[in-house]
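Once you have looked at the hints, place chain P on chain S.
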Amino acid sequence: MGANDEVRIGVFICHCGINIGGIVNVPKVVEYAKKLPDVVYAEDNLYTCSSVGISKIKEGIKEHNLNRVIVASCTPRTHEPLFRAACEEAGVNKYLFEMANIRDQCSWAHMHEPEKATEKAKDLVRMAVAKARKLKPQEEPEIDVTPSALVIGGGISGMTAALCLANQGFEVHIVEKEPELGGMLRHLHKLYPTMQDASERLNQVVNAVKSNKRIKVLTSTVVKQVKGFIGNFRVTVEKGKSKTLNLEIGTIVVATGAANFEPIGMYGYKQFDNVITQFQLEQLLKTRQLERPQRVVMIQCVGAREEKGRTYCSRICCMTAIKNATLIKELFPEAEIYILFRDLQTYGKEYETCYLDARSKFIQFIKYVQERPPEVTSGPSGKLVVKIYDALLNSEIEIPSDLVVLSTPLIPHEDTKELSQILKVSLGPHGFFFEAHVKLRPIDFATDGIYVCGTAHSPKDTAESVSQAFGVASRAAIPMAVKRLRTEAITAVVDENLCSGCGTCVKLCPYGAIEKDEKGVARITQVVCKGCGVCAASCPENAIEMCHFTKEQVTAQALAALGRPFA
Amino acid sequence: MTFEPKIVGFLCNWCSYAGADLAGVSRISYPTNIRVIRLMCSGRVDPVIVLETLAQGADGVMVMGCHIGDCHYITGNLQAERKIDMLKKLLARTGLEAERLRLEWVSASEGGRFAELVKHFTDQLKKLGPSPLAGDKPDKNILAGVLAAKAAAEDFRLRLLVGREKTMIDDGNVYGEEVSEEELDKVLDEIIDTEYVRNRIYLLVKNEPLSVKELSKRLDLDSQMVLRHIVVMRRRGLITVDRVERTSPLYTALEVGQ
Chain S
2 MGANDEVRIG
12 VFICHCGINI
22 GGIVNVPKVV
32 EYAKKLPDVV
42 YAEDNLYTCS
52 SVGISKIKEG
62 IKEHNLNRVI
72 VASCTPRTHE
82 PLFRAACEEA
92 GVNKYLFEMA
102 NIRDQCSWAH
112 MHEPEKATEK
122 AKDLVRMAVA
132 KARKLKPQEE
142 PEIDVTPSAL
152 VIGGGISGMT
162 AALCLANQGF
172 EVHIVEKEPE
182 LGGMLRHLHK
192 LYPTMQDASE
202 RLNQVVNAVK
212 SNKRIKVLTS
222 TVVKQVKGFI
232 GNFRVTVEKG
242 KSKTLNLEIG
252 TIVVATGAAN
262 FEPIGMYGYK
272 QFDNVITQFQ
282 LEQLLKTRQL
292 ERPQRVVMIQ
302 CVGAREEKGR
312 TYCSRICCMT
322 AIKNATLIKE
332 LFPEAEIYIL
342 FRDLQTYGKE
352 YETCYLDARS
362 KFIQFIKYVQ
372 ERPPEVTSGP
382 SGKLVVKIYD
392 ALLNSEIEIP
402 SDLVVLSTPL
412 IPHEDTKELS
422 QILKVSLGPH
432 GFFFEAHVKL
442 RPIDFATDGI
452 YVCGTAHSPK
462 DTAESVSQAF
472 GVASRAAIPM
482 AVKRLRTEAI
492 TAVVDENLCS
502 GCGTCVKLCP
512 YGAIEKDEKG
522 VARITQVVCK
532 GCGVCAASCP
542 ENAIEMCHFT
552 KEQVTAQALA
562 ALGRPFA
Chain P
4 MTFEPKIVGF
14 LCNWCSYAGA
24 DLAGVSRISY
34 PTNIRVIRLM
44 CSGRVDPVIV
54 LETLAQGADG
64 VMVMGCHIGD
74 CHYITGNLQA
84 ERKIDMLKKL
94 LARTGLEAER
104 LRLEWVSASE
114 GGRFAELVKH
124 FTDQLKKLGP
134 SPLAGDKPDK
144 NILAGVLAAK
154 AAAEDFRLRL
164 LVGREKTMID
174 DGNVYGEEVS
184 EEELDKVLDE
194 IIDTEYVRNR
204 IYLLVKNEPL
214 SVKELSKRLD
224 LDSQMVLRHI
234 VVMRRRGLIT
244 VDRVERTSPL
254 YTALEVGQ
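Residue numbers (my numbering), protein chains in the order written: chain S, 2 to 568; chain P, 4 to 261.
These are computed hints drawn from the structure, not numbers from a lab.
C-beta: ideal position from N, C-alpha, C; glycine also.
Heads up, a few of these hints could be off.
Unchecked claim - Label pairs and their in silico Cβ distance ranges:
#1 P:Gly115 x S:Thr220: 50 to 60 Å
#2 P:Asp88 x S:Thr237: 35 to 45 Å
#3 P:Lys209 x S:Gln226: 44 to 54 Å
#4 P:Lys122 x S:Val370: 36 to 46 Å
#5 S:Gly432 x P:Asp73: 10 to 20 Å
What the hints assert, rightly or not - In silico negatives: residues of chain P with every beta carbon more than 10 Å from chain S:
#6 Asn16
#7 Arg162
#8 Asp223
#9 Val235
To be verified - Taking lysine to aspartate or glutamate and the DMTMM-like style, the derived pairs with C-alpha atoms no more than 20 Å apart in a straight line are:
#10 S:Lys95 x S:Glu60
#11 P:Lys143 x P:Glu100
#12 S:Lys117 x P:Asp126
#13 P:Lys122 x S:Glu114
#14 P:Lys122 x S:Glu116
#15 S:Lys508 x P:Glu198
#16 S:Lys508 x P:Glu181
#17 P:Lys122 x S:Glu120
#18 S:Lys135 x S:Glu81
#19 S:Lys271 x S:Asp403
#20 P:Lys169 x P:Asp188
#21 S:Lys191 x S:Glu351
#22 S:Lys440 x P:Asp73
#23 S:Lys425 x P:Asp73
#24 S:Lys228 x S:Glu143
#25 S:Lys117 x P:Glu119
#26 S:Lys552 x P:Asp158
#27 S:Lys117 x P:Glu7
#28 P:Lys129 x S:Glu114
#29 P:Lys169 x S:Glu542
#30 S:Lys552 x P:Glu84
#31 S:Lys517 x S:Asp496
#32 P:Lys129 x S:Glu120
#33 S:Lys244 x S:Glu179
#34 S:Lys225 x S:Glu239
#35 S:Lys508 x P:Glu84
#36 S:Lys552 x P:Glu157
#37 S:Lys520 x S:Asp496
This is chain S alone, in the form it adopts within the complex (with noise of 0.2 Å):
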């Protein structure tokens, strides 16, 4: 059944049991259906979807010789893959199919108006015609998939990502810009709830990593370039200043790490000798430089959760100041810690347990209001001296100390803009790497294979970091485990006689699926094009044409919405 023959449409209405028929008037919907131009069967049906109703409609095929096929019933966004799947394995093209939504858009919405729904029922399927007799069979173009990953940033989080890769059977490449692996670890002291020495961790993931035949490591690497899509990226590396290499990728991980936020300017950071941050503190007690002290303050959300610019909570401090107060008190017992907080947000597995030890072991916490921030000066004695107003008691205290410590957030890498750019993919409001939606796809970016875990993505632990990292192992890996790959059929096309090459649809494409050709014309790379038909709406040229929207099967629908004849 090719889509050139006369166009033989079938309509299937839904009762969906009383969501529809007990509102609308279903048959008489069915009457108005076939008398409209090219609908050669109408039936109704008391479950479309129901097994009954799918080979209903495959019957309707083959009885009817149907070349198009409309469900008018729930909505498309749920429904439209069941009914296409029944008219492919009916030998119609899934792409000669229609829907109308004649339940989540009119019965539910218009219950107490059965007529007027009625007349809208028959309008909605009226419009569904008029696109049907204009579809086009659309063919979904498969790609290879190259089973080699890309994994850009060697700390905690892309490691544990390559190997698991590498355990699958698959090539990775780790590339990461610093001398040596490790990344934010290789500073770190020890890991809270376990009190694990972060240098044990890391050594035991860095050996494992290097002893991987599958894995090549890349150090003193960036990323230069990105040109492909999913299955068939083309990436140029730079490794110091003059080698480039050329590396041929499937998938990319994403796993570049954070940085820590400086907080210059702020209770005397850089302007007292005693005033460091928690990171700073944290190699202190690596390298058992710390000098017993008497009295140290922890100010949390230092330069974090502000009003205006970073408004994010940075989720690992809270727990980093009673991990660290912990360690101090234990090494000098007598000192005396203080936590000043503003919320104290130890949430994860066993972490309230490591708050109510450091409380039984009398570390001081006090709530402080973002309205009423500490001071910290420098005392009479040449002490520090933090001055705090206490929310509990409704009073100003003052805390005479010789160690403050500033809790701060982490910050995106000073070249994420940059590598986004590269990628193509999206960074969130703070400058993080932005997933493709929060609950659905929380790994993946919007760009098809490429995806994101660890502090790239957002402040997080390295418990956090590691389940992230199994996880994006197991996304990147399904691609290049089926090894081909079906796309998106609905995307746009050009016709080269018309464009005028002026280059107006690449800058608006989001993806980058446009480029200019040899012959200074627009090209699509259709497995990169996504369909949102920007630029078929902007071509100055009206030379753009986008699949199964067109503009002429719009403004058909547009006009049987009005009533007009069909064209």
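Positioned in the frame of chain S, the structure of chain P alone reads:
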């Protein structure tokens, strides 16, 4: 019978169409007047489609997309916004009320908002009355205006400017100079004016040969202005002199593309 406006809705699949579905799922009632066309993105809405829909007598057109920043296609809704701005400017010149066209953002979770907006727009259109282009006897003058607007929206000059507007604000013009939104707006206004009037002239002389004086009368436009357009249009090969009556030449349209 009371007037029931016909509204055509162009909704993006990911946010607004889902929002419309949610209104139904939540059994939130709204007037039956809207007929929704599902598109993948509000950025797909070609101004030509909207003008054709209005020319054919829709009482209202509603374009709905994801909220700014939430577009499934990253920036498609920003393009929709540019196009609707341009359309409103064009419509203002045609005599058809620009408020018959509305752009709104509705997310997938805003079923209530979708219902509210449809109700509000339906009420607004009821007050405004039927479109002068609805039915079998459309207002000829307004129809001529909307058709000229459609021709202008189809022409590469306007499309190029609107398509490039956003990138020009973000990246500057081809010389790397920063272009402010206000400056561009001014340029857009001028070009819309020019393109609209030239398309009116073209459609008029396509129908019958007319003199500058007659064109000036029909378009209610200064004859010097009309002459200026005529000169450009002749140079571009859009029109030619048909014949000379007394001392005034009468102009006629040439087939475009020749």
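We went through each hint and held it up to the structure:
The hinted range of 50 to 60 Å is satisfied by Gly115 of chain P and Thr220 of chain S, whose Cβ atoms lie roughly 54 Å apart. At about 40 Å, the beta-carbon gap between Asp88 of chain P and Thr237 of chain S stays in the expected band of 35 to 45 Å. The supplied range of 44 to 54 Å is met by Lys209 of chain P and Gln226 of chain S, whose beta-carbon atoms lie about 51 Å from each other. Range check, Lys122 of chain P to Val370 of chain S: about 44 Å between beta-carbon atoms, so the 36 to 46 Å window is met.
The beta-carbon spacing between Gly432 of chain S and Asp73 of chain P, approximately 18 Å, falls within the hinted interval of 10 to 20 Å. A Cβ of chain S approaches the Cβ of Asn16 of chain P within 10 Å, the least distance being about 7 Å, so the stated non-interface status is violated. The non-interface label for Arg162 of chain P is inconsistent with chain S: the shortest C-beta to C-beta separation is roughly 4 Å, within 10 Å. With a minimum CB-CB distance of about 30 Å to chain S, Asp223 of chain P clears the 10 Å threshold, and the non-interface call stands.
Once the 10 Å rule is applied to beta carbons, Val235 of chain P is consistent with being away from chain S; the minimum gap is 18 Å. Of the supplied pair hints, the one linking Lys95 of chain S and Glu60 of chain S holds, its CA atoms being roughly 16 Å apart against a limit of 20 Å. For the hint pairing Lys143 of chain P with Glu100 of chain P, the CA-to-CA distance comes to about 15 Å; that is within 20 Å, so the pair holds. The suggested pairing of Lys117 of chain S with Asp126 of chain P holds, with an alpha-carbon distance near 17 Å, which does not exceed 20 Å.
Restraint check for Lys122 of chain P and Glu114 of chain S: satisfied, since their Cα atoms lie roughly 15 Å apart, inside the 20 Å limit. Under the criterion of a C-alpha separation no larger than 20 Å, the hint pairing Lys122 of chain P with Glu116 of chain S is consistent with the structure, at around 18 Å. For the proposed pair Lys508 of chain S and Glu198 of chain P, the alpha carbon gap of about 24 Å is over 20 Å, so the pair is violated. Taking the CA atoms of Lys508 of chain S and Glu181 of chain P, the gap is about 17 Å. The hint holds against a cut of 20 Å.
Restraint check: the Cα-Cα separation between Lys122 of chain P and Glu120 of chain S comes to about 18 Å, which is no more than 20 Å; the hinted pair holds. Our distance criterion of 20 Å between C-alpha atoms is met by Lys135 of chain S and Glu81 of chain S, whose separation comes to about 18 Å. Using a Cα cut-off of 20 Å, the hinted pair Lys271 of chain S and Asp403 of chain S holds, with the two alpha carbons roughly 15 Å apart. Between the alpha carbons of Lys169 of chain P and Asp188 of chain P the distance comes to roughly 11 Å, so the proposed pair stays at or under 20 Å and holds.
With a CA separation close to 16 Å, the supplied pair Lys191 of chain S and Glu351 of chain S stays within the 20 Å bound. Taking the CA atoms of Lys440 of chain S and Asp73 of chain P, the gap is near 14 Å; set against the 20 Å cutoff, the hint holds. For the given pair, Lys425 of chain S sits about 17 Å from Asp73 of chain P by alpha-carbon distance, which is consistent with the 20 Å threshold. Annotation: proposed proximity of Lys228 of chain S to Glu143 of chain S holds, straight-line Cα distance about 19 Å (limit 20 Å).
Simply put, Lys117 of chain S and Glu119 of chain P have alpha-carbon atoms about 19 Å apart, close enough for the 20 Å limit, and the pair holds. A threshold of 20 Å between alpha carbons decides the hint, and for Lys552 of chain S with Asp158 of chain P the separation of about 15 Å falls inside it, so the pair holds. As the CA atoms of Lys117 of chain S and Glu7 of chain P are separated by approximately 11 Å, the hinted pair is consistent with the 20 Å bound. Of the pairs offered as hints, the one joining Lys129 of chain P and Glu114 of chain S holds, with about 18 Å between alpha carbons and a cut-off of 20 Å not exceeded.
Taking the CA atoms of Lys169 of chain P and Glu542 of chain S, the gap is about 19 Å. The hint holds against a cut of 20 Å. With a CA separation close to 19 Å, the supplied pair Lys552 of chain S and Glu84 of chain P stays within the 20 Å bound. Straight-line distance between C-alpha atoms of Lys517 of chain S and Asp496 of chain S comes to about 13 Å, which keeps the hinted pair within the 20 Å bound. Taken as a hint, the Lys129 of chain P and Glu120 of chain S pair is honoured in the structure, with Cα atoms around 19 Å apart against an allowance of 20 Å.
At roughly 16 Å between alpha-carbon atoms, Lys244 of chain S and Glu179 of chain S fall within 20 Å of each other, so this suggested pair holds. Between Lys225 of chain S and Glu239 of chain S the CA atoms are separated by roughly 6 Å; this keeps the pair inside 20 Å, and the hint holds. For the hint linking Lys508 of chain S to Glu84 of chain P, the alpha-carbon distance of about 17 Å falls within 20 Å, and the restraint holds. Taking the CA atoms of Lys552 of chain S and Glu157 of chain P, the gap is near 12 Å; set against the 20 Å cutoff, the hint holds.
Between the alpha carbons of Lys520 of chain S and Asp496 of chain S the distance comes to roughly 13 Å, so the proposed pair stays at or under 20 Å and holds.
In terms of the numbered hints stated before, the structure departs from hints 6, 7, 15, listed from lowest to highest.
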